[in-house]
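J.: Respectively, the protein sequence lines represent chains A and B.
The first sequence: position 15 = 15 (this note's numbering), numbered continuously.
The second sequence: position 65 = 65 (this note's numbering), numbered continuously.
FYI, nobody ran anything at the bench for these hints, they're computed from the structure.
We put the beta carbon where it would ideally sit given N, CA and C, even for glycine.
Certain hints may be false.
[Claimed, not checked] Ranges between beta-carbon positions, derived for each pair:
1) A:L29 - B:S30: 50 to 58 angstroms
2) B:Q48 - A:A39: 31 to 39 angstroms
3) A:M1 - B:D177: 28 to 36 angstroms
4) A:S61 - B:D88: 28 to 36 angstroms
5) A:W40 - B:D177: 49 to 57 angstroms
6) A:R47 - B:T32: 44 to 52 angstroms
7) B:E181 - A:S61: 27 to 35 angstroms
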Amino acid sequence: MLIFCPHCGMRPSEEFTPKGLAEAPRPALGGDDRPEDDAWQDYLHTRTNKAGQTNEYFHHSLGCRRWIVVHRNTLTHEVTGSTMASEFWQNQQQAQDWEAGQ
Amino acid sequence: MSPVLKNPLGAKWTAGRHGKAEGGPGVLASHTAGLTIVEVAALPGQAQAMRAALKAAFGMDLGAGSPAEGAENAVCTGPGQYLLTGHDVATVKAAVGDLALAVDQSSGRVRLTISGPAIAALLAKTCPLDLATWPVGAAHASHFLHIACTYFRRGDAEFDLYVGRSFAQSVGKWLLDASAEFGLEIA
Numbered sequence: 001m002l003i004f005c006p007h008c009g010m011r012p013s014e015e016f017t018p019k020g021l022a023e024a025p026r027p028a029l030g031g032d033d034r035p036e037d038d039a040w041q042d043y044l045h046t047r048t049n050k051a052g053q054t055n056e057y058f059h060h061s062l063g064c065r066r067w068i069v070v071h072r073n074t075l076t077h078e079v080t081g082s083t084m085a086s087e088f089w090q091n092q093q094q095a096q097d098w099e100a101g102q
Numbered sequence: 001m002s003p004v005l006k007n008p009l010g011a012k013w014t015a016g017r018h019g020k021a022e023g024g025p026g027v028l029a030s031h032t033a034g035l036t037i038v039e040v041a042a043l044p045g046q047a048q049a050m051r052a053a054l055k056a057a058f059g060m061d062l063g064a065g066s067p068a069e070g071a072e073n074a075v076c077t078g079p080g081q082y083l084l085t086g087h088d089v090a091t092v093k094a095a096v097g098d099l100a101l102a103v104d105q106s107s108g109r110v111r112l113t114i115s116g117p118a119i120a121a122l123l124a125k126t127c128p129l130d131l132a133t134w135p136v137g138a139a140h141a142s143h144f145l146h147i148a149c150t151y152f153r154r155g156d157a158e159f160d161l162y163v164g165r166s167f168a169q170s171v172g173k174w175l176l177d178a179s180a181e182f183g184l185e186i187a
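Isolated chain B, as found in the complex (with noise of 0.2 angstroms):
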């Protein structure tokens, strides 16, 4: 049997400075460990009554269901469709009752958090989107190295990555890799 992989981005993914050493470092990443991942898919034609079911319950704001109007904690996958993180999955399903379906998805994927200057230079390197265009806020299903992979920003330089857990290996080689020349902090 194989050892249980306690950190999901992989053995060399440790605390501490990684890459270039001179400087500030150019990206800083931090995963949260043990957070709650929680998927809403709302039935056929609830999208709208999900979003307030939503609201009325965590005071989320989700607007009309743009990726653009997501928040932090419910970030848009497809139309009326939110990863939303913070609540467990009992709370979620008695909050949107009927209108939708919630699965936990705290084994299934990683939240990894990255800022830094140089943000814009990686995720240059493999997201397919323009970040430029993206206002705060805005969440986009897209791809990460051809992993699916959802993109949340939380800031002018600061983003959030959803992976699945068993490709979250590949994109912590792959950061550690491609942040060298940058300088990594990893928190």
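Chain A on its own, in the form it takes in the complex (with noise of 0.2 angstroms):
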């Protein structure tokens, strides 16, 4: 399988390490400086498992060790595209227009 890096280009799958899915983006601090515990909790256990198009957690560690977001179709195992993680959540729009065009 060929994984697209937005740095480094189109590179084989050995060189990723998965790590999951990328549903929420982490929750923000409440009081006593700590999230919510529902907020946590979701934040690391609920998975909705989706058949289909995706966005996975992936790190390019054996190439630019950058955490990246691989768009991705489970049905298919089609890679449709990739971004830098630390710039999914900042474009937290464009996923879910990406999301609402599946």
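Hints given; two lone chains; assemble the complex.
T.: Here it is in structure tokens:
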């Protein structure tokens, strides 16, 4: 499988370490400098395990060592693109539009 | 206490001809001992400013930061991240100021230069990338035998390999074996 890295270009999957679904941004800190329990629970553990277009974190560990978000279809294994993880949640609207378009 | 390893590429890595003895060597290899390597990494949002500072101080033109826009002494390893050779860490720190972090990697990395007519056939045995599509001057952070390695294309048939020093012995051993069929000349 080939995965596109925004910095390095098309690379073989053996260079990457998968982490899991990028489903929700990290919750903001509330009182006591900690996130709400429910939000934290969701962020850590709740996954939709969707069949179809997903966003997944991958670490380009044998390359530029950046975290990226890969847009992949879990039914066809087709990789349609990727975004630097540092930019992914900054551009949440774009992510939502992308989701809505699927 | 184990003896200090003087040659990071292992005891069998000696100057002269190895492997196939007939004809000219297919692969030429050299290791730069005592090379100063400094890794710089730009702080968030400062990559372009760091490149401008490096250009002002050392004259290296790194373009907009694509891995294809490196220089022989400034090899791109990631976004806003470079391996600089030939400058000591204090000079680099002075040049980049608060725009980037600079760490001395002279003891951490080993630079190997390999060249020769059989170089594509040799790298095809382990490098997962398509060398034919690389422009001269391009850097690729990838792997060599599943060891993290940064490649830099110096010329059509000449490459620099930067690997971690503690992995260099494995790389040296593999190069001796893998290039035996082409004939290896170590400088």
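J.: Does each hint fit the structure? Answer for all of them.
T.: Here's how the hints hold up against the structure:
1. In this structure the hint that L29 (chain A) and S30 (chain B) lie 50 to 58 angstroms apart at CB holds, the actual value being about 54 angstroms.
2. Look at Q48 (chain B) against A39 (chain A): about 36 angstroms separates their beta carbons, and that is inside 31 to 39 angstroms.
3. Under the hint 28 to 36 angstroms, the C-beta atoms of M1 (chain A) and D177 (chain B), about 29 angstroms apart, fit the expected range.
4. At roughly 30 angstroms, the beta carbons of S61 (chain A) and D88 (chain B) sit within the given window of 28 to 36 angstroms.
5. Roughly 52 angstroms separates the CB atoms of W40 (chain A) and D177 (chain B), a value that falls within the hinted 49 to 57 angstroms.
6. About 49 angstroms separates the C-beta atoms of R47 (chain A) and T32 (chain B), a value consistent with the hinted range of 44 to 52 angstroms.
7. For the pair E181 (chain B) and S61 (chain A), the supplied restraint of 27 to 35 angstroms holds, since their beta-carbon distance comes to about 32 angstroms.
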